[in-house]
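> Based on the provided sequences and hints, a complete structural model is requested.
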Amino acid sequence: MNLREISGLIFIIGLGFLLGAVFKCLPYGEPITGVGQTITALAPIEVGTTNIVASVLLAYRGLDTLGELTVLFVAATAIGMVLGQRDPEISSQPEAGFILKTAANILFPFLIILGAYIILHGHLTPGGGFQGGAILAAAFFIPILATPASPFNHHISSLIEGFAGVAFIIIGLLALFGKGYFLAPLFGTGEVGHLFSAGSLPLLYLAVGLKVGAELAGLLARLQETEASD
Amino acid sequence: MESIMTIEETGWIYILSYCGAIGLILIGTVAMVIYHHLIRIILGLILLEAGVNLFLITVGYRANAVAPILMGDQVPVAMVDPIPQALVLTAIVIGVGVQALALALVIKTYKAYGTLDTKELAEKIAQESGTHLIDGIPVSLPAPALVRQIAEEKTP
Chain A
1 MNLREISGLI FIIGLGFLLG AVFKCLPYGE PITGVGQTIT ALAPIEVGTT
51 NIVASVLLAY RGLDTLGELT VLFVAATAIG MVLGQRDPEI SSQPEAGFIL
101 KTAANILFPF LIILGAYIIL HGHLTPGGGF QGGAILAAAF FIPILATPAS
151 PFNHHISSLI EGFAGVAFII IGLLALFGKG YFLAPLFGTG EVGHLFSAGS
201 LPLLYLAVGL KVGAELAGLL ARLQETEASD
Chain B
1 MESIMTIEET GWIYILSYCG AIGLILIGTV AMVIYHHLIR IILGLILLEA
51 GVNLFLITVG YRANAVAPIL MGDQVPVAMV DPIPQALVLT AIVIGVGVQA
101 LALALVIKTY KAYGTLDTKE LAEKIAQESG THLIDGIPVS LPAPALVRQI
151 AEEKTP
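Sequence order for the protein chains is A and B.
Each residue of the first sequence is one higher than the last, beginning at 1 in our numbering.
Each residue of the second sequence is one higher than the last, beginning at 1 in our numbering.
It is worth saying that the hints were derived from the structure and are not from the lab.
Keep in mind that a hint or two might mislead.
As the list claims (entries may be wrong) - Simulated crosslink set (DMTMM-like; lysine to aspartate or glutamate; CA at most 25 Å straight-line): (1) A/K24 x B/E123; (2) B/K111 x B/E123; (3) B/K108 x B/E120; (4) A/K179 x A/D64; (5) A/K24 x B/E120; (6) B/K124 x A/E5; (7) B/K119 x A/E5; (8) A/K24 x B/E49; (9) B/K108 x B/E123; (10) B/K111 x B/E128.
From a predicted model like this one, the values you see are computed outputs, not experimental measurements.
Written out as structure tokens, the structure reads:
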């Protein structure tokens with residue numbers, strides 16, 4: 001054991017005691033702030049979602065979600081810069097086995113339907129743009145795993161990504177000019193619990209879902225292409 | 001409806017969940033401090049993130065509460081705090097972006113130097129850039145030594 005490991009262990013033991021002491025001070029079973037309860041009571045009336053997490057994410061903390069999308073966009077762009085473009089001449093991996101290829105063909109439409117369902121019902125049921133977007137990305141990435149030679153169109157994915165991001169910001173700006181607050185929910189609440197309700201939130205979640213799906217699919221495809229080109 | 005939990009059962013949920021969060025945070029930190037392999041350091045970071053997420057979710061937990069989703073015309077019973085859940089959703093997505101970027105950098109590092117061991121990497125980078133290694137960390141020469149070196153080069 002060298003000095004670095006010993007000092008590391010001492011640091012970790014100290015960190016453990018510190019975390020234990022902090023967690024012991026937390027109030028158990030009682031809300032630390034009243035914000036959560038207030039939002040739970042007000043969200044169905046003000047925003048009109050039955051999934052209260054969605055109203056927190058897109059209405060009360062919409063600006064933070066925009067920041068989160070920006071972080072994801074910067075990460076995807078940085079990966080594109082670091083890994084660079086694929087050289088199509090370099091030999092790619094051999095095709096996958098029969099089972100994966102067949103399953104990829106059969107699963108593709110079902111994954112698209114499931115992802116679209118989860119995105120569009122994000123304001124009603126558990127799920128939403130991020131989860132549905134991840135499923136959409138999986139739908140487009142599984143065929144690449146099955147047949148690595150098939151090219152992934154990075155132009156289309158970046159186009160979708162860009163338009164979705166612009167749509168999110170435009171909805172926010174419309175709310176800024178119409179209601180005075182950036183990303184305030186538009187178009188009223190509608191009938192709570194129905195698909196077309198909660199105003200502009202389903203549109204925002206659709207933009208989030210398309211953006212996350214395109215970004216994750218492009219990111220996975222880039223990592224896979226780098227592996228294949230060696 | 002499910003049965004109502006007693007205070008003791010609720011207490012055990014808190015204790016186990018907080019212990020799991022502390023354990024995950026500590027295991028992740030141990031991995032990041034002790035290992036010299038870049039992939040293992042990234043795995044430590046992922047464990048650390050999982051621990052922090054578990055901690056945030058546990059803060060929002062309330063006994064005998066349901067998920068913050070309204071069901072039809074049912075009068076809302078006690079619900080868990082929705083804000084930590086939204087925070088964790090954000091944290092997971094950002095975590096995925098950070099991990100993917102870290103892995104892309106690891107791929108580039110391996111292509112450039114052929115190793116992922118931080119000690120070997122430090123030596124190779126030091127050789128390449130002409131810096132010194134002190135305790136495995138590449139440092140530039142201190143100023144007096146640099147001046148002496150330049151002086152020696154000028155008067156051979």
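> Hint by hint, say whether it matches the structure.
Here is what the structure says about each hint:
1. A/K24 x B/E123: Violated, at about 44 Å.
2. B/K111 x B/E123: holds, 16 Å
3. B/K108 x B/E120: The given pair, whose Cα atoms are some 16 Å apart, holds under the 25 Å limit.
4. A/K179 x A/D64: holds, 19 Å
5. A/K24 x B/E120: Judged against 25 Å, a Cα distance of about 42 Å means the pair is violated.
6. B/K124 x A/E5: Between B/K124 and A/E5 the Cα gap is close to 23 Å, so the pair holds against 25 Å.
7. B/K119 x A/E5: Answer holds: B/K119 to A/E5 is near 14 Å, not above 25 Å.
8. A/K24 x B/E49: With a Cα-Cα distance of about 21 Å, the restraint between A/K24 and B/E49 holds, given a limit of 25 Å.
9. B/K108 x B/E123: holds, 17 Å
10. B/K111 x B/E128: Holds - the C-alpha atoms of B/E128 and B/K111 are around 15 Å apart, at most 25 Å.
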